[in-house]
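Model the placement of chain B on the given structure of chain A, informed by the hints.
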Amino acid sequence: MNAEIILFITLALIAAVSSVMMITRPNAVISAVFLVLNFFALAGLYLLLNAQFISVVQIIVYAGAIMVLFLFVLMLLRTESEPKVFLDKKPIKMFALFITVFVFIQVAYLILVGKPSGNLTPDQLKSIETGTIQSIGRELYTNYILPFEVAGFLLLAATIGAMVLAKKKFE
Amino acid sequence: MSSIPIEYYLILSAFMFVVGVTGVLIRRNAIVVFMCIELMLNSANLSLVAFSSYLGNPIGQIFVFFVMTVAAAEAAVGLAIIIAVFRNKLTVNIDEINIFRW
Numbered sequence: 001m002n003a004e005i006i007l008f009i010t011l012a013l014i015a016a017v018s019s020v021m022m023i024t025r026p027n028a029v030i031s032a033v034f035l036v037l038n039f040f041a042l043a044g045l046y047l048l049l050n051a052q053f054i055s056v057v058q059i060i061v062y063a064g065a066i067m068v069l070f071l072f073v074l075m076l077l078r079t080e081s082e083p084k085v086f087l088d089k090k091p092i093k094m095f096a097l098f099i100t101v102f103v104f105i106q107v108a109y110l111i112l113v114g115k116p117s118g119n120l121t122p123d124q125l126k127s128i129e130t131g132t133i134q135s136i137g138r139e140l141y142t143n144y145i146l147p148f149e150v151a152g153f154l155l156l157a158a159t160i161g162a163m164v165l166a167k168k169k170f171e
Numbered sequence: 001m002s003s004i005p006i007e008y009y010l011i012l013s014a015f016m017f018v019v020g021v022t023g024v025l026i027r028r029n030a031i032v033v034f035m036c037i038e039l040m041l042n043s044a045n046l047s048l049v050a051f052s053s054y055l056g057n058p059i060g061q062i063f064v065f066f067v068m069t070v071a072a073a074e075a076a077v078g079l080a081i082i083i084a085v086f087r088n089k090l091t092v093n094i095d096e097i098n099i100f101r102w
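Residue numbers (this note's numbering), protein chains in the order written: chain A, 1 to 171; chain B, 1 to 102.
The following block holds chain A by itself, in its conformation from the complex (with noise of 0.2 angstroms):
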């Protein structure tokens, strides 16, 4: 057992669970906080693959600017909490959760004995140069530098359009 085992088994677990306690919740906002506590495990787990960078973007995109547009729009939205939510024991639930938990038997049978993978083994200085923020800005501006403007642009759409969507009363 070294301390990276220890490491990815609590964060892992903190991730699962948490994503599990966000979609049991009735009250939205106790939701948005446990995606927030969901997201800082994922970034934790980043940071153990040696992707330094989109660590540190998955902090500050996801749990600071786009958790914080959630939250502000919960605050301004008058949402009655769920009743709670397995408690009703519709039939339609039940099956989505049937479903749902089916494929992810599915899907885990192919990685655990299929292995896609085929024992991948990481080099690990390879892996850490990877990661820096060096490496994917040179490939980021070089080879990728038009799908980056595009998102640039993308961003600016998105702006315009949810300012107008939400300004005025449409019909």
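Everything labelled a hint here was simulated from the structure, so no lab data went into it.
Treat the hints loosely; a few may be bogus.
To be verified - Under the rule of at most 25 angstroms between Cα atoms (straight-line distance), these lysine to aspartate or glutamate pairs were calculated in the DMTMM-like manner:
id, chain 1, residue 1, chain 2, residue 2
1, A, K126, B, D95
2, A, K115, B, E7
3, A, K93, A, E4
4, A, K93, B, D95
5, A, K126, A, E139
6, B, K89, A, E80
7, A, K90, B, D95
8, A, K167, B, E7
9, A, K90, A, E80
10, B, K89, B, E74
11, A, K93, B, E96
12, A, K90, A, E4
13, A, K167, B, E74
14, A, K90, B, E74
15, A, K115, A, E4
16, A, K93, A, E80
What the hints assert, rightly or not - Between beta-carbon pairs, the in silico distance windows are:
id, chain 1, residue 1, chain 2, residue 2, range
17, B, L90, A, Q124, 52 to 58 angstroms
18, B, N57, A, L110, 20 to 26 angstroms
19, A, E80, B, P5, 42 to 48 angstroms
20, A, E129, B, R87, 29 to 35 angstroms
21, A, T10, B, L90, 39 to 45 angstroms
Said to hold, decoys possible - Interface residues of chain B toward chain A, partial, derived using beta-carbon atoms under 7 angstroms:
id, residue
22, L12
23, T22
24, I26
25, L39
26, A44
27, F63
28, V64
29, M68
30, A73
31, V77
32, V85
33, I94
34, F100
Given the structure is predicted, the values throughout are model-derived calculations rather than measurements.
Glycine included, every Cβ here is placed at the ideal spot set by N, Cα and C.
Frame of chain A; chain B shown alone:
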């Protein structure tokens, strides 16, 4: 040194994706449904980063960067749509938002 098989990351990613799908199917609050979509995007990001790191190839992480950009744009526009719908219907319960049905 790294002793964690990549399968563990893939299983965690699959689990989070399935939880996100379940949330979309069982929750009735439109904002929570949106948060479940963010959860699914994140689970896909996790497997992309895992493969990128294990193969030593930065392209997977660049893809994650673009996914985050699109997720931010999607969250902004989606929440604006929810606000616009709330103005008209005074609810965000997706069972009652059926303005296209007649």
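Hint-by-hint comparison with the structure:
1. A:K126 <-> B:D95: Violated. K126 (chain A) to D95 (chain B) sits at ~50 angstroms, over the 25 angstroms cutoff.
2. A:K115 <-> B:E7: holds (8 angstroms)
3. A:K93 <-> A:E4: violated (38 angstroms)
4. A:K93 <-> B:D95: Roughly 14 angstroms separates the two Cα atoms, so the pair holds.
5. A:K126 <-> A:E139: Status holds; Cα separation ~15 angstroms.
6. B:K89 <-> A:E80: OK: K89 (chain B) and E80 (chain A) at ~14 angstroms, within 25 angstroms.
7. A:K90 <-> B:D95: holds (14 angstroms)
8. A:K167 <-> B:E7: violated (47 angstroms)
9. A:K90 <-> A:E80: Roughly 20 angstroms separates the two Cα atoms, so the pair holds.
10. B:K89 <-> B:E74: At roughly 22 angstroms apart (the allowed maximum being 25 angstroms), E74 (chain B) and K89 (chain B) satisfy the hint.
11. A:K93 <-> B:E96: Holds: K93 (chain A) and E96 (chain B) sit about 18 angstroms apart, inside 25 angstroms.
12. A:K90 <-> A:E4: violated (43 angstroms)
13. A:K167 <-> B:E74: It holds: about 17 angstroms lies between the C-alpha atoms, which stays within 25 angstroms.
14. A:K90 <-> B:E74: violated (31 angstroms)
15. A:K115 <-> A:E4: holds (22 angstroms)
16. A:K93 <-> A:E80: Holds, at about 20 angstroms.
17. B:L90 <-> A:Q124: 52 to 58 angstroms: The hint (52 to 58 angstroms, Cβ to Cβ) holds, given that L90 (chain B) and Q124 (chain A) are roughly 56 angstroms apart.
18. B:N57 <-> A:L110: 20 to 26 angstroms: Distance hint for N57 (chain B), L110 (chain A) holds at roughly 23 angstroms.
19. A:E80 <-> B:P5: 42 to 48 angstroms: holds (45 angstroms)
20. A:E129 <-> B:R87: 29 to 35 angstroms: violated (51 angstroms)
21. A:T10 <-> B:L90: 39 to 45 angstroms: Holds - the Cβ-Cβ distance for T10 (chain A) and L90 (chain B), about 43 angstroms, lies within 39 to 45 angstroms.
22. L12: holds (5 angstroms)
23. T22: holds (5 angstroms)
24. I26: holds (5 angstroms)
25. L39: holds (6 angstroms)
26. A44: Cβ of A44 (chain B) sits 11 angstroms from chain A, so the hint is violated.
27. F63: violated (9 angstroms)
28. V64: OK, holds: V64 (chain B) within 7 angstroms of chain A, min 5 angstroms.
29. M68: It holds, given that the least Cβ distance between M68 (chain B) and chain A is near 5 angstroms, below 7 angstroms.
30. A73: holds (4 angstroms)
31. V77: holds (5 angstroms)
32. V85: Hint violated; V85 (chain B) Cβ to chain A Cβ min 9 angstroms, cut 7 angstroms.
33. I94: This hint is violated: I94 (chain B) lies away from chain A, its Cβ roughly 11 angstroms from the closest one there, beyond 7 angstroms.
34. F100: Violated: closest Cβ of chain A sits about 13 angstroms from F100 (chain B), beyond 7 angstroms.
Taken one by one, the earlier hints fail for this structure at numbers 1, 3, 8, 12, 14, 20, 26, 27, 32, 33, 34, listed in ascending order.
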